[in-house]
Amino acid sequence: DAKTTQPTSMDCAEGRAANLPCNHSTISGNEYVYWYRQIHSQGPQYIIHGLKNNETNEMASLIITEDRKSSTLILPHATLRDTAVYYCIVRRPQGGSEKLVFGKGMKLTVNP
Amino acid sequence: DVKVTQSSRYLVKRTGEKVFLECVQDMDHENMFWYRQDPGLGLRLIYFSYDVKMKEKGDIPEGYSVSREKKERFSLILESASTNQTSMYLCASSDRVAGELFFGEGSRLTVL
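Residue numbers (this note's numbering), protein chains in the order written: chain A, 1 to 112; chain B, 1 to 112.
The following block holds chain B by itself, in its conformation from the complex (with noise of 0.2 Å):
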């Protein structure tokens, strides 16, 4: 069965810690992606990365960087969290072919 994990479903920082939201797949996927959801807002793209070491951004990258160190692990990492991003994080991947993306569960984090 294929799968995205994602570390720990649910966090509490408090303003200013450094943050790391880690994502794993098992697909041998090439793409994968960072989101956030917050309600009436839908899903956001804040990262993706097509390869090893490379990384785009998506619409809303400001406050945030993430790694490919590897292929099968992607990072979010919020430097200096505030409250305004207090939200449900998803990660997903794709191959590069069929383009249809596989979700991790989500990573509920606040910020308090």
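With the rest of the complex left out, here is chain A (with noise of 0.2 Å):
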């Protein structure tokens, strides 16, 4: 199973644009990558998600690399409440079902 390495921690200035590594080097060919957040005490939230293409919307921007060995995540214009622990998965079909794996993440402080 293809799995993600992402740093454990990130600042940046309000703002200012947030760019969020990660690697998933093992990825295979069908395999898409996601992003979630998840902002203190509440569940994890949708971001973004892309094959091999960019992709853009009104949250966030995704750059896969060609080789698809790594993306970044960027947030335009970071906000306060943009601070949260970020997790880039790779989605691994399995018998007809989803089931995607979530790492530790990444905590992003966004400073005022």
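To be clear, the hints were calculated from the coordinates, so they are not data collected in a lab.
Covered stretches of chain A, going by a simulated chain B footprint (3 or more residues, C-beta under 8 Å):
no., region
1, 45–51
2, 103–112
According to the in silico footprint, chain A covers these stretches of chain B (three or more CB under 8 Å from chain A):
no., region
3, 32–42
4, 100–109
On a predicted model such as this, the values are computed, not experimentally measured, just so you know. Note that the Cβ used here is the ideal one computed from N, Cα and C, for glycine as well.
Starting from two chains that each stand alone, build the complex the way the hints lay out.
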């Protein structure tokens, strides 16, 4: 199963872009990269996902390298409310179901 | 608004008690999941279900069982609660195609 590696933590200044890296060097061809975040005392929240092309939505952009071994989540203008634990995970289809395995994630702290 | 509802936000139980954690989703999703979350360990998958009456073990199923009698409801059962099962329990659901997980707010269980 493809696993992901993220830094333990990162700081960012309010209003600046936050670039959150993730390595997934063993990802296979049909696996998607998903990003979630968890604000303290809440359940995780979906942000974005992609297969090979870059993706953008109202929350963030996802840049996946051409070899798909790593990706970067970009929050273009970080706010204090973006302080959270961010999870980069790889979708692993298994027997018709989709089992998403979360790691420890990365704590992003946005500072005023 | 899509919703995953967990029956209790906070529970306190005694060692040896039987504990039921209930989860209901209103999105007609095929897949449902139970995770536990502990400091420093991230989210760990206990069980998941991809259809009514179907279940698959996750990474840490020991000491737990599940029930999926109806599509919208997925229950986690601790037959004989132990102190090492004190944790935050998170339920999630997803449809088969998109794979985006929707999480409940979590149930914080304390076993004394």
